[in-house]
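Novice: Listed below, chain by chain, are the residues.
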Amino acid sequence: MLAVLQKEFRTYFLTPLGYIFMGFFLLISGFFFALNNLFPASSNLAALLGSLTSMFMFVVPILTMRLLSEETRQKTDQLLLTSPLKVTEIVVGKYLAAVAVFLITILITGIYPAILRIHGFISISEVLGGYIGFFLLGSCFIAVGLFVSALTDNQVSAAVITFSSLLFMWIMDAVQQVLPNDTNSGVIFACLILFALAFLVHHAVKNLYVTALTAFAGSLVIGSIYAINKSLYDGIIIKIFDWFSLLKRYDGFSSGLLNVSSIIYYLSFITAFIFLTVQLIEKRRWN
Amino acid sequence: MIQVENITKHYGQHVAVDQLNFTVKKGEILGFLGPNGAGKSTTMNIITGYLSATSGTVKVDGMDILEYPEEAKAKIGYLPEFPPLYTEMTVSEYLDFVSAIKKVTPAAKKASLEKIMDLVKIGDVRGRLIKNLSKGYKQRVGLAQALIGNPQVLILDEPTVGLDPKQIIEIRNLIQQLGQEHTIILSSHILPEVSAVCERVIIINRGRIVAGDTPENLSKSLAASSKLLLRVGGASEAVLPVLQKIAGIKFVEVQGVRETGTTDILVEAEKDKDIRRPIFKALSQAELPILMMRSLDLTLEEIFLQVTTQQQEVS
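If you're matching them up, the sequences are chains D and P in order.
Okay, so the first sequence: first residue is 1334 according to the numbering used here, each after it adds one.
Okay, so the second sequence: first residue is 146 according to the numbering used here, each after it adds one.
Keep in mind the hints are simulated off the structure, nothing from the lab.
Treat the hints loosely; a few may be bogus.
These stretches of chain D come out as covered by chain P in the derived footprint (C-beta under 8 Å, 3 or more residues) [what the hints assert, rightly or not]:
#1 1411 to 1418
#2 1443 to 1453
#3 1614 to 1620
Some chain D residues judged to face chain P by a derived CB distance under 7 Å, without partners named [as the list claims (entries may be wrong)]:
#4 Val1554
#5 Ser1557
#6 Lys1581
Straight line, CA to CA, 27 Å or less: simulated DSSO-like cross-link-like pairs of lysine-lysine [said to hold, decoys possible]:
#7 Lys1408/D with Lys390/P
#8 Lys1408/D with Lys418/P
#9 Lys1616/D with Lys260/P
#10 Lys220/P with Lys171/P
#11 Lys395/P with Lys1408/D
#12 Lys372/P with Lys1408/D
#13 Lys220/P with Lys204/P
#14 Lys1419/D with Lys372/P
#15 Lys1419/D with Lys220/P
#16 Lys220/P with Lys1616/D
#17 Lys1419/D with Lys280/P
#18 Lys248/P with Lys1616/D
Here a beta-carbon is modelled for each residue, glycine too, at the ideal position from N, C-alpha and C.
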């Protein structure tokens, strides 16, 4: 795993991609720093990091687009997959290399709080919390990008799909504000989830009885909750979207709060995408 | 050393490899012959664990490639059809990386890399970027990669494709040299290569084994009857009646006149009959001197065409 990590990390700087990522990210962050903090003489670093999160959409695809797609295209995946390495080692190695480049880049932005510290007061805990959240959020997006790059052997498609997926997450955050929050739509939403679940179960086991049983048990649960406490369905759609939203969880960090459940959610999100990537590569062998 | 049992690979409806069965003994060089698209690369990808067979098992040194992937893969060095090179690295960076993923200890690495670079003659380009190398050098770097970790089994998919004749001879000699210590499976659609290097040949077509033996036995067994080409000093009207009287001759055909005053004649004997002596005696009694007598064994090319086209007629 270490060998893959090292190789991948070096490749970032043997190809222009590492420099493009760092250069672009630092340029934009410097620009935001000047606009947000230097000119208005504000020491609010959390606001800076918050506005930088929207940059992920543009810079994460640069970092992840060639991770796995280029291996498939150059057929070097034959070398990796026929070596005594496990697929998980390969994928995790590559992921960590991308995260390392990202980490180094945000460590460089550490000079911003240092500059602010010279000329004014900043809360160390708030800065640290903001940075930890920022790092975790970025790492989640990198995991998404990693997964996407395993889907295709074309770097440009990988970049475009990653960009669209991240953009979609942003749009969902905006859209969910106008989602219906009354009881009936909550019930319908629950039914839709149940329907999707039943479909997944059917796809996995291909047995009509099991599917029917799942659907029946699910509708029983939905029905009984409706009978016992109707108000649980109020605004449930927004609650669920909020819970799953990566960006919403970031808000807590920027006020200096280290929320354990958010950290665990981020880490699970990363693990899930790495797992999916490994599964995707394993599955490709069987096609 | 390698046991391939009943492997079948489907790509959707298409059957790339169909019920393939063979074993390779330790130290053997096996040639894998077949037209393009016969399933050679697919089979090799399955043996090395890059692809999984739809059904069937592959064992390397008794270890199933799916059940014990790490152990089995550590025993294999693989040169795929397209050498898997990271073109933005230099040769030595690349070989260092391959040593690391093949878990060669740093202590053993230096000496073994020197030996390998010496063997495939890439020492002089070690500092150059792989993308700037010629096709021949790239192929050799690919071969070097397969040799790292001193695997017992080498699987080489068309190792001489794209090389110039001199390099082809070098690589062939190298493969023969490697065959002394390694078990090798080599694929090719170039026949002289296989007959020059391999002890045993498997011809596959449309995913099935259509023939398998030593190159010599293959030409013998497939030559259903032996053919002789004669050049006799005499007109065909004089020669033909003499030949037709000899027992055991199936077929006589005049090929024409290449040299004035002689006739070229093709004679086909019945199976397993040596008719050279009767021909000599009969013609010398008739005072027709034999100027040339040459047996026409099937070359590997002809065998190859014969078995691959026969199969097409059947299916």
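Novice: If a hint holds in the structure, say so; if it doesn't, say that too.
Specialist: Hint-by-hint comparison with the structure:
| no. | hint | in the structure |
| --- | --- | --- |
| 1 | 1411 to 1418 | holds (count 8) |
| 2 | 1443 to 1453 | violated (count 0) |
| 3 | 1614 to 1620 | holds (count 3) |
| 4 | Val1554 | violated, 39 Å |
| 5 | Ser1557 | violated, 45 Å |
| 6 | Lys1581 | violated, 40 Å |
| 7 | Lys1408/D with Lys390/P | violated, 65 Å |
| 8 | Lys1408/D with Lys418/P | violated, 53 Å |
| 9 | Lys1616/D with Lys260/P | violated, 38 Å |
| 10 | Lys220/P with Lys171/P | holds, 12 Å |
| 11 | Lys395/P with Lys1408/D | violated, 55 Å |
| 12 | Lys372/P with Lys1408/D | violated, 48 Å |
| 13 | Lys220/P with Lys204/P | holds, 11 Å |
| 14 | Lys1419/D with Lys372/P | violated, 57 Å |
| 15 | Lys1419/D with Lys220/P | holds, 15 Å |
| 16 | Lys220/P with Lys1616/D | holds, 24 Å |
| 17 | Lys1419/D with Lys280/P | violated, 31 Å |
| 18 | Lys248/P with Lys1616/D | holds, 25 Å |
Violated hints for the displayed structure, listed by number in ascending order: 2, 4, 5, 6, 7, 8, 9, 11, 12, 14 and 17.
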